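Engineer: Below, each chain spelled out in residue letters.
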Amino acid sequence: MNASDLTAFPAESVMHVSSNGKAVKNKLSMVVFSGDMDKVMAALIIATGAAASGMEVTMFFTFWGLKVIEKPGQLTGKGWMGRMMGVMNRGGLDAIGPSRLNMGGMGRWMFKKMMKEKGVASLPEFYETAVDLGVKMMPCQMSLDVMEFDAKNFQANVTSPVGVATFLEEAAESKVTLFI
Amino acid sequence: MTDVTNAKILDLKGLLCPMPVVKMAKAIKEVEPGQTIEALATDPGVMADIPAWCRTTGNELVSLEKLDKQYRFVVRRTK
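Protein chains in written order, with the numbering used here: chain A, 1 to 180; chain B, 181 to 259.
These are calculated hints, taken from the structure and not from any lab test.
Fair warning: this is a prediction, and the values are worked out from it, not measured in the lab.
Ideal Cβ positions, reconstructed from N, Cα and C, are used throughout, including at glycine.
Do not take every clue at face value.
As the list claims (entries may be wrong) - Between beta-carbon pairs, the in silico distance windows are:
{"hint": "1", "chain 1": "B", "residue 1": "Glu210", "chain 2": "A", "residue 2": "Gly105", "range": "38 to 44 Å"}
{"hint": "2", "chain 1": "B", "residue 1": "Gly214", "chain 2": "A", "residue 2": "Leu75", "range": "52 to 58 Å"}
{"hint": "3", "chain 1": "B", "residue 1": "Lys193", "chain 2": "A", "residue 2": "Met114", "range": "19 to 25 Å"}
{"hint": "4", "chain 1": "A", "residue 1": "Lys112", "chain 2": "B", "residue 2": "Gly225", "range": "20 to 26 Å"}
{"hint": "5", "chain 1": "B", "residue 1": "Lys193", "chain 2": "A", "residue 2": "Asp132", "range": "20 to 26 Å"}
{"hint": "6", "chain 1": "B", "residue 1": "Lys193", "chain 2": "A", "residue 2": "Gly73", "range": "31 to 37 Å"}
{"hint": "7", "chain 1": "A", "residue 1": "Gly104", "chain 2": "B", "residue 2": "Gly225", "range": "19 to 25 Å"}
{"hint": "8", "chain 1": "A", "residue 1": "Glu117", "chain 2": "B", "residue 2": "Thr258", "range": "35 to 41 Å"}
Claimed, not checked - In silico BS3-like pairs for lysine-lysine, Cα to Cα no more than 25 Å straight-line:
{"hint": "9", "chain 1": "A", "residue 1": "Lys136", "chain 2": "B", "residue 2": "Lys209"}
{"hint": "10", "chain 1": "B", "residue 1": "Lys193", "chain 2": "A", "residue 2": "Lys27"}
{"hint": "11", "chain 1": "B", "residue 1": "Lys193", "chain 2": "A", "residue 2": "Lys118"}
{"hint": "12", "chain 1": "A", "residue 1": "Lys116", "chain 2": "B", "residue 2": "Lys206"}
{"hint": "13", "chain 1": "A", "residue 1": "Lys112", "chain 2": "B", "residue 2": "Lys193"}
{"hint": "14", "chain 1": "A", "residue 1": "Lys136", "chain 2": "B", "residue 2": "Lys203"}
{"hint": "15", "chain 1": "B", "residue 1": "Lys203", "chain 2": "B", "residue 2": "Lys246"}
{"hint": "16", "chain 1": "A", "residue 1": "Lys25", "chain 2": "B", "residue 2": "Lys246"}
{"hint": "17", "chain 1": "B", "residue 1": "Lys249", "chain 2": "A", "residue 2": "Lys116"}
{"hint": "18", "chain 1": "A", "residue 1": "Lys112", "chain 2": "B", "residue 2": "Lys203"}
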């Protein structure tokens with residue numbers, strides 16, 4: 001392959017304008033709704049890849065996605081239902097299972113083993129890389145309340161909880177938006 | 181063969197997506213504009229991803245070649 005063919009198309013130089021009249025930045029805003037290992041892996045790979053390509057990256061964690069930013073081994077919940085959910089659905093990147101074929105944790109174990117054999121980084125490694133590259137992570141206040149989580153259970157890099165307006169402000173100035 | 185006498189050597193062997201690109205992003209900050217990075221990788225994905233990364237970041241792809249079971253590429257930091 002000839003290198004000059006590959007550099008023939010320079011990075012996009014056209015300036016776009018968002019709905020609120022502000023200039024669109026070279027930025028990626030992502031909603032992480034899923035707490036499934038496979039989908040979270042996709043989200044973290046895209047986030048780290050984008051940050052490595054010079055994009056500003058914001059991840060908004062909501063609903064099951066909050067499990068991703070929880071410190072491992074936390075017991076959450078206030079009422080009996082919330083506590084039960086906390087016991088049945090432990091947080092942290094090592095505790096979440098794949099969206100299919102989890103089979104009570106066996107799938108998670110198999111995926112981890114297969115990823116390791118192929119030399120793919122682990123979820124905690126992807127997470128660390130994302131933090132390293134300056135990816136901004138925001139938890140959703142409303143789902144945090146519904147699921148009876150506490151912001152003090154989240155990882156240190158996570159911002160204070162925010163609402164939909166904050167995410168939309170981030171999204172409106174982003175070139176790329178994703179929902180995972 | 182491009183002259184890359186002063187290239188920084190980067191070993192990306194055994195790494196899979198997105199790590200080659202992540203390591204490139206870190207390495208490019210460690211060289212001066214005009215300097216080059218010469219990297220060896222085993223992930224076939226770099227054939228598409230390194231050119232794409234160069235287009236996105238504006239760095240210059242000097243060369244990219246498939247060796248026996250490896251991929252060798254040279255990138256010059258532009259700014």
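Engineer: If any of the earlier hints don't hold here, list their numbers in rising order.
Structural biologist: 7, 10, 16
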